[in-house]
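Please work from the sequences and hints to get the whole structure.
So you can see what is in the structure, the chains are spelled out below.
There are 2 protein chains.
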Amino acid sequence: MDREWNDSQPIYRQLRDLVVAMILDGVLKEGDPLPSVRNVAAEYRVNPLTVLKGYQQLVDEGLVESKRGLGMFINAGARKLLLQGERQKFLAEEWPRVHATIQRLGLTPEELDTAAKSGSSSDGAQSKPAESKARKEER
Amino acid sequence: MDREWNDSQPIYRQLRDLVVAMILDGVLKEGDPLPSVRNVAAEYRVNPLTVLKGYQQLVDEGLVESKRGLGMFINAGARKLLLQGERQKFLAEEWPRVHATIQRLGLTPEELDTAAKSGSSSDGAQSKPAESKARKEER
DNA sequence: CATAGTGTTATAGTTAACTATAACACTAAA
DNA sequence: TTTAGTGTTATAGTTAACTATAACACTATG
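Sequence lines, in order, name chains H and R.
Take the first sequence: its position 8, counted from the start at 1, is 8 in our numbering, and no numbers get skipped.
Take the second sequence: its position 6, counted from the start at 1, is 6 in our numbering, and no numbers get skipped.
None of these hints come from the bench; they were simulated from the model.
A portion of the hints provided could be inaccurate.
Claimed, not checked - DEER-style ranges, computed between Cβ atoms:
1. R:K80 <-> H:D7: 24 to 30 Å
2. H:S36 <-> R:G77: 50 to 56 Å
3. R:D32 <-> H:G106: 20 to 26 Å
4. H:E65 <-> R:S36: 51 to 57 Å
As the list claims (entries may be wrong) - In silico DSS-like cross-links for lysine-lysine, where the CA-CA straight-line distance does not exceed 25 Å:
5. H:K53 <-> H:K80
6. R:K89 <-> H:K89
7. R:K29 <-> R:K53
8. H:K117 <-> R:K89
9. H:K89 <-> R:K117
10. R:K29 <-> R:K80
Claimed, not checked - Incomplete in silico selection of chain R near chain H, CB under 8 Å:
11. Q9
12. E86
13. P96
14. V98
No residue lacks a Cβ here, since even glycine has one placed at the ideal position from N, Cα and C.
If you want it as structure tokens, here you go:
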């Protein structure tokens with residue numbers, strides 16, 4: 001499998017975001033090991049150092065623990081931590097800009113809905129049967 | 001005025017986006033001159049070459065015309081071109097990812113609305129009164 | 001003409017991101 | 001002990017983004 005890298009963001013940050021998404025989606029649960037640095041590097045045809053750099057971000061954020069010789073593991077409380085941190089970060093740093101763009105382009109909820117459905121395989125990378133749940137999801 | 005540069009995007013692209021926003025918002029009308037390369041460079045304390053690079057993007061997109069010795073000017077039809085191109089680009093490349101993030105974080109329309117309003121002037125770090133909604137998220 | 005305002009090009013240096021290759025350190029299991 | 005799987009560090013090279021400094025090319029205006 002080759003790449004789906006977005007050139008508007010460094011690969012190591014996209015890798016970090018990918019793991020974050022997997023945690024939030026429940027694909028990776030607390031205590032689970034992350035895919036090994038070498039495996040990911042091989043699968044995405046990327047340098048191991050780049051993968052490591054992405055993983056180190058997660059360690060720095062307290063989401064993941066590294067055990068030399070064993071692997072890297074999702075910390076307890078990682079999901080909760082993420083739901084707080086990512087929420088605040090998104091609302092403060094990303095959403096205002098996106099919202100302004102939507103206003104500026106005069107996009108309607110209908111157009112957004114349509115586009116969301118047709119193109120929803122952008123960074124989740126996993127099965128998403130929960131997509132049709134509407135506004136109530138998570139429990 | 002120093003910087004409000006976002007480190008997740010090269011400056012020249014942010015400059016390009018800034019001009020695009022001004023065109024869409026009607027701040028810059030067709031036929032108008034862009035702020036001069038040197039002025040912008042001075043105002044934002046950025047290298048003139050960086051500004052030029054951002055402006056060149058606009059030339060390449062057919063939005064702007066360069067007249068040596070005079071300045072750079074918004075082309076006729078620029079706004080219409082933008083409303084088509086930027087719409088498509090946003091819906092195809094940006095919105096799906098953003099939408100997935102919103103779903104993943106379980107953000108409600110109320111939270112998004114609140115953030116959009118408070119974020120458009122400044123991104124202060126005060127806590128949210130909208131937090132009372134439903135945080136049944138944690139496991 | 002000279003001047004002051006435009007865009008543009010040239011040269012060169014720094015830093016961050018990414019890469020290739022290799023080796024080191026540790027753990028579990030054969 | 002050996003082996004195969006982990007994370008980690010070292011060395012070094014490429015490219016893109018940004019910077020500083022300077023000069024060149026053109027246009028309107030005095």
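- Message: Need the list of violated hint numbers for this structure, in ascending order.
- Response: Violated hints: none; all satisfied.
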